[in-house]
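The sequence shown begins at 1 in the working numbering and counts up by one.
To be clear, the hints were calculated from the coordinates, so they are not data collected in a lab.
Computed from a predicted model, the values in this text were never measured in an experiment.
Careful, some of the hints might be misleading.
To be verified - Pairwise CB distance ranges, derived in the manner of DEER restraints: (1) K70 x E16: 18 to 26 Å; (2) E19 x E82: 13 to 21 Å; (3) H23 x E104: 51 to 59 Å; (4) E24 x E104: 13 to 21 Å; (5) D53 x Q80: 20 to 28 Å; (6) D53 x H23: 24 to 32 Å; (7) I93 x V67: 21 to 29 Å; (8) A49 x L11: 53 to 61 Å; (9) Q8 x K76: 36 to 44 Å.
Claimed, not checked - With a Cα cut of at most 30 Å, we get these calculated DSSO-like pairs of lysine-lysine: (10) K120 x K76; (11) K20 x K79; (12) K70 x K120; (13) K20 x K70; (14) K20 x K76; (15) K120 x K79; (16) K76 x K86.
We put the beta carbon where it would ideally sit given N, CA and C, even for glycine.
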Amino acid sequence: MLSLHGFQPSLRSSLEQLEKLQHEIFEEIQQKEICSVTCTMEKEGSGFALTLDTQDFSPEELSVRQVGRKLQVSGKSQKQQEDHGKGLYSCRIREFRQVFDLPEGVNPVAVICCTTADGKLYIQAPVNQRSEAD
1 MLSLHGFQPS LRSSLEQLEK LQHEIFEEIQ QKEICSVTCT MEKEGSGFAL TLDTQDFSPE
61 ELSVRQVGRK LQVSGKSQKQ QEDHGKGLYS CRIREFRQVF DLPEGVNPVA VICCTTADGK
121 LYIQAPVNQR SEAD
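Take the sequences, apply the hints, and build the full model.
Now the structure itself:
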């Protein structure tokens, strides 16, 4: 912690604001863990399914890209806040990036995804008909 004794009033005010901001940052860090996205992957009888808990991200902040037999899933959220009149400004950025391999037999061209109101991202792909017969 900073000691405020012996400083001029204007500097003391700035140091008090800095100390308050530092305290708020530490509280927020303790309350929330670093951005983590949990997922479950399963191979259903008729295909591949992946569910990610992305409740801290809006659908516009999410990206799902299919490159070959890999799925690249990412999200980035940026929130800015300005305390008018005090000259304080904060910016919070959350970001995740995960890569998943599509299992053999899954059709990479037919990958579909959707989001739900409860913050889940569902990704599905059917198994190739030829692979089911094998």
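Here is what the structure says about each hint:
In this structure the hint that K70 and E16 lie 18 to 26 Å apart at CB is violated, the actual value being about 51 Å. Restraint check, E19 to E82: a C-beta distance of roughly 19 Å satisfies the suggested window 13 to 21 Å. In this structure the supplied range 51 to 59 Å holds for H23 paired with E104, their Cβ-Cβ distance being about 53 Å. Under the hint 13 to 21 Å, the C-beta atoms of E24 and E104, about 50 Å apart, miss the expected range.
Between D53 and Q80 the Cβ separation comes to about 25 Å, which falls inside the hinted range of 20 to 28 Å. Between D53 and H23 the Cβ separation comes to about 30 Å, which falls inside the hinted range of 24 to 32 Å. Our hint of 21 to 29 Å for I93 and V67 holds, since their Cβ atoms are close to 25 Å apart. At roughly 59 Å, the beta-carbon separation of A49 and L11 lies within the given 53 to 61 Å, and the hint holds.
The hinted range of 36 to 44 Å is satisfied by Q8 and K76, whose Cβ atoms lie roughly 42 Å apart. Using a Cα cut-off of 30 Å, the hinted pair K120 and K76 holds, with the two alpha carbons roughly 15 Å apart. A hinted pair counts as satisfied when its Cα atoms are at most 30 Å apart, and K20 with K79 qualifies at roughly 20 Å. Annotation: proposed proximity of K70 to K120 holds, straight-line Cα distance about 20 Å (limit 30 Å).
Between K20 and K70, the direct Cα distance comes to roughly 45 Å. Violation of the 30 Å bound is thereby established for this hinted pair. Proposed proximity of K20 and K76 is supported: the alpha carbons are some 27 Å apart, at most 30 Å. For the given pair, K120 sits about 20 Å from K79 by alpha-carbon distance, which is consistent with the 30 Å threshold. Between K76 and K86 the CA atoms are separated by roughly 28 Å; this keeps the pair inside 30 Å, and the hint holds.
Checked against the numbered hints given earlier, the structure breaks hints 1, 4, 13 and satisfies all the rest.
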